[in-house]
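In full-length UniProt numbering, the protein residues as written are 1 to 162.
These aren't lab readings, by the way, just hints derived from the structure by calculation. Computed from a predicted model, the values in this text were never measured in an experiment. Just so it is clear, CB atoms sit at the ideal spot from N, CA and C, and this is done for glycine as well. Certain hints may be false.
[What the hints assert, rightly or not] Ranges of calculated distance between the beta carbons of each label pair, as one might list FRET restraints: (1) Arg7 with Glu100: 37 to 43 Å; (2) Gly53 with Gln101: 28 to 34 Å; (3) Ser145 with Gly38: 28 to 34 Å; (4) Met107 with Gly53: 22 to 28 Å; (5) Gly125 with Gln101: 41 to 47 Å; (6) Asp137 with Glu61: 34 to 40 Å; (7) Ala8 with Lys94: 23 to 29 Å; (8) Pro18 with Arg157: 23 to 29 Å; (9) Lys94 with Ala158: 21 to 27 Å.
[What the hints assert, rightly or not] Below, computed lysine to any residue pairings styled on SDA-like, alpha-carbon distance capped at 20 Å: (10) Lys94 with Arg76; (11) Lys102 with Thr83; (12) Lys22 with Gly38.
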Amino acid sequence: MISDSTRARFAREVAKYPAEQKQSAVMACLAIVQQELGHVSEDSERVIAEVLGMPVIAVHEVTTFYNMYNQQAVGRFKLNVCTNLPCQLRDGNKALKHLEQKLGIAMGETTPDGLFTLQQSECLGACADSPVMLVNDRAMCSFMSNERLDQLIDGLRAAEVK
1 MISDSTRARF AREVAKYPAE QKQSAVMACL AIVQQELGHV SEDSERVIAE
51 VLGMPVIAVH EVTTFYNMYN QQAVGRFKLN VCTNLPCQLR DGNKALKHLE
101 QKLGIAMGET TPDGLFTLQQ SECLGACADS PVMLVNDRAM CSFMSNERLD
151 QLIDGLRAAE VK
């Protein structure tokens with residue numbers, strides 16, 4: 001399940017820390033697994049725990065604490081909409097509801113074509129720009145009115161077709 005090349009990448013990350021602090025590489029190892037497999041499974045958490053000499057539950061706690069780690073397969077485009085209080089006050093929940101309606105899925109689900117997974121985020125650190133969302137844990141989108149949300153979704157769909 002975890003390839004030799006992935007284990008070699010783990011070793012390079014672990015080597016960045018003193019031997020007694022190798023657990024500090026947990027986030028890097030989780031990111032490596034996600035890059036390789038698309039999500040972090042329970043089996044991969046066990047391997048990381050073994051490599052880093054830490055309890056499996058400690059690895060799982062990190063996996064479940066951060067939105068950037070997918071615990072199951074997600075769509076080609078993972079859309080995280082901030083629904084923390086400042087964003088709620090500036091239509092964050094309305095943006096989430098609009099996306100649910102446009103995509104035909106509920107928060108936490110993936111579209112049948114496997115293109116979009118819709119999630120909520122606790123805080124994306126851009127309260128003044130709300131409603132905000134993060135696409136694939138990389139691209140921050142600000143001031144997401146319904147029109148801008150529609151343009152984003154339509155643009156991502158069109159780009160995928162090409």
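Results of checking the hints against the structure:
{"no.": "1", "hint": "Arg7 with Glu100: 37 to 43 Å", "in the structure": "holds, 40 Å"}
{"no.": "2", "hint": "Gly53 with Gln101: 28 to 34 Å", "in the structure": "violated, 47 Å"}
{"no.": "3", "hint": "Ser145 with Gly38: 28 to 34 Å", "in the structure": "holds, 31 Å"}
{"no.": "4", "hint": "Met107 with Gly53: 22 to 28 Å", "in the structure": "violated, 37 Å"}
{"no.": "5", "hint": "Gly125 with Gln101: 41 to 47 Å", "in the structure": "violated, 27 Å"}
{"no.": "6", "hint": "Asp137 with Glu61: 34 to 40 Å", "in the structure": "violated, 19 Å"}
{"no.": "7", "hint": "Ala8 with Lys94: 23 to 29 Å", "in the structure": "violated, 46 Å"}
{"no.": "8", "hint": "Pro18 with Arg157: 23 to 29 Å", "in the structure": "violated, 48 Å"}
{"no.": "9", "hint": "Lys94 with Ala158: 21 to 27 Å", "in the structure": "holds, 25 Å"}
{"no.": "10", "hint": "Lys94 with Arg76", "in the structure": "violated, 23 Å"}
{"no.": "11", "hint": "Lys102 with Thr83", "in the structure": "holds, 18 Å"}
{"no.": "12", "hint": "Lys22 with Gly38", "in the structure": "violated, 24 Å"}
Taken one by one, the earlier hints fail for this structure at numbers 2, 4, 5, 6, 7, 8, 10 and 12, listed in ascending order.
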